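In the order they appear, the protein sequences are chains S and Z.
Take the working numbering: the final residue in the first sequence is number 134, and no numbers are missing along the way.
Take the working numbering: the final residue in the second sequence is number 148, and no numbers are missing along the way.
Everything labelled a hint here was simulated from the structure, so no lab data went into it.
What you are looking at is a predicted structure, and each value in this text was computed from that prediction instead of being measured.
All residues carry an ideal CB built from backbone N, CA and C; glycine is no exception.
One or more of the hints may lead you astray.
[Stated by the list, open to error] Some chain Z residues judged to face chain S by a derived CB distance under 10 Å, without partners named: (1) 44; (2) 50; (3) 56; (4) 57; (5) 61; (6) 62; (7) 93; (8) 108.
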Amino acid sequence: MQTDVIEQCDCDDVAQSERRQTDTTFMPGVDIVELDNEYVLRADLPGAKPDDIDVQLDRGMLTLHARVETRQTAHQTRSLLHEYGVGDFHREFKVGDAIDTAGIVAETANGVLTLRLPKAAAARPQRIDVRPTT
Amino acid sequence: MLLARRYRFPMSPFNELQREFGRLFNNVLSDFDACPVPRRAAPGINVWEAGDNFYAEAEVPGLGMDDLEVFVVGNELTIKGRWNAERDDDQRVFHRRERQRGAFTRVLTLPVDLDAEKVNAVLKDGVLTVTLPKAETARTRKIAVKSA
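Chain S on its own, in the form it takes in the complex:
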């Protein structure tokens, strides 16, 4: 039931307008963990400087975008092994009412973006006191 609280959105039109200098945009891998009072979303954004990571929330749509500069710049280089491409990262998620959107916190370390999405009060587990009847 809870799986649609943070749901991925496959809207390509939004990505279109975000296109920057790089040719290819990649979808970052994410983990989403549910804790008692919050969801924690971690996204791999290797090569993105903290200032180049953009997180936006607009009408229930959470957008992650990171600009990544080309690293293999020097000319007169010869590629010997090419196992991955380098480019911007982009991914979108729908955020349901169960999230307290005002309380979302973002931080980044070692190329990983961590978003903490607190559950709205109504979605948190609550302890109900059980009293003996008198």
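For this one, chain S is given, so just place chain Z on it according to the hints.
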């Protein structure tokens, strides 16, 4: 614009087919919370050559310098790393789990011997870059041509 999946593979008709296949599957399965980003057993590595150096680069988001080991013997580069699981990861509810985890070892053989003493590794924003100077004996030398 199509969002390319995280890792690209060398182009061949077979891979192309496989990619189409993967895309088909991803589309079909996306409604069922399948993993849209293929996860690898070990991070990919890019290697290029420029002048007297080779450069090897790997994306290792989440790893600190203490989680990585880099060493060079002869013409062989080894990169080892480990993503440490959070203490009670197994009991947590994961709605998505696409990021790499566990340990990996990659061994690469370069075309010529390396100067192991001068190898330099830098980790920045989740990208490991290893500068591998060629051994003195392996460098290109310009030979002056004298007229007889």
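Checked hints:
| no. | hint | in the structure |
| --- | --- | --- |
| 1 | 44 | 3 Å, holds |
| 2 | 50 | 4 Å, holds |
| 3 | 56 | 8 Å, holds |
| 4 | 57 | 7 Å, holds |
| 5 | 61 | 4 Å, holds |
| 6 | 62 | 5 Å, holds |
| 7 | 93 | 4 Å, holds |
| 8 | 108 | 7 Å, holds |
Violated hints for the displayed structure: none, as all numbered hints are satisfied.
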